[in-house]
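Asks: Take the given structure of chain A and dock chain B to it, following the hints.
Chains as they are written, first to last, in my numbering: chain A, 1 to 204; chain B, 205 to 383.
Certain hints may be false.
Chain A is faced by these chain B residues, among others (derived, beta-carbon under 7 angstroms) [unchecked claim]:
no.: 1; residue: S300
no.: 2; residue: D303
no.: 3; residue: A310
no.: 4; residue: S312
no.: 5; residue: Y345
no.: 6; residue: R348
no.: 7; residue: G355
no.: 8; residue: G358
no.: 9; residue: G379
These aren't lab readings, by the way, just hints derived from the structure by calculation.
Just so it is clear, the structure is predicted and the values come from calculations on it, not from any experiment.
Using N, Cα and C, we set each Cβ at its ideal position, and we do this for glycine too.
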Amino acid sequence: MSQQSVLSLGEVSSAELRVVQAATRCIGRWGLAKTTLDDVAREAGVSRATVYRLFPGGKSALVEACGGHEIGRLLVTLDSELQTASTAADVLVRAMCGAARFVAENDALSMLVTHEPDVLRPFLAFDRVQPILTAARAFVAPHLARHLPTDRAEQVAEWATRLVISFTFTPDRSIDLTDLDQAVSFVERFILPGLDRDVLPSPG
Amino acid sequence: MDAVVICVEQAGLGEFSLEDVAAEAGVGRATIYRHFRGGRDQLVSETITREVAWFWQDLAQAVAPYDTLEDRLVFGLVSAGQRLADHDLLQRLLISEPDRLLAELATSELLVISVLADYIRTLLATETLAQGITLDDAADYLTRMLFSFIGTPGCWDLSDTNAVRRLVRTQFLAGVLAE
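Here chain A stands alone, though its shape is the one from the complex (with noise of 0.2 angstroms):
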């Protein structure tokens, strides 16, 4: 039986599941660059070869489908926690707010994003990027639309995403976003202006 691996990301095979699941641990445990496929395949209990027929770009796109399966739980992790949102400035604290906190309590994300951060900028530049925005957006919009129009609502979406990404991965000395208040604070100060504002552009 397969598992559908959330949104866009992909369907997942339960062999595939097996072993990303493995190589998240293993990077959890030694980091990315200590990590070998070797590694992977003995966590994960197959051979060597089941993992590259199942992963023929080799390291580099079994890192892409873990990084695909972390944000499909963490989008999983948010939904309850969205549908009880009150207002859209509350769908984006509690979204911004906890995906920080997932980084920070995965131990995968957090060692990747503390001790190898240039090993995962390469995944977050250009197109690589799209399909995460892509994923975030098609998850967060339906509880944005229900308090903002339909084509703002997937706007503001990738917004929020935009932002968590980029506070993951080059933090900042001010604004730690897994503490609520905080997470607030930003919010009330850089987005909520932008959605209060009916923005027409000058005609000319």
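Replies: Using the frame of chain A, we list chain B on its own:
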């Protein structure tokens, strides 16, 4: 480094040889080794760093005629989108050797962010900030937003100036500038 760009255009990041670069540049191989002790890797790294620096310098020049922060952000985003789309070598490498290229770009990312933040800070000096927003807060926020859009348009059509203006007014500036 000009020779490196030409050779990479012909053979790719992984495949070009120092001999080809020497021939293209009209210098001896020994000359290359003298200036680039780290060999191929250093050549690639410094050439990419140079291309990145030029990208941002050209962008700054392109927006210099505009007076307001808003205009500079709007036309900066439009121009950046266009320049990246038109950069044939970049686009080819993104398809053929993305791992290598993006790893190289990642090494200069923090430097780019800090230079961008300084530049934005100088632009902010002539604007009135919203209450409760410090210059550092504003510069940091705008840098994050701007950087996020480089190469990643998301759901936006960055060639549509009206759309970009709405993006800049709501997502970039609404919280940062006083009304």
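Asks: Hint compliance check: list the failing hint numbers for this structure, sorted ascending.
Replies: Violated: hints 1 and 4.
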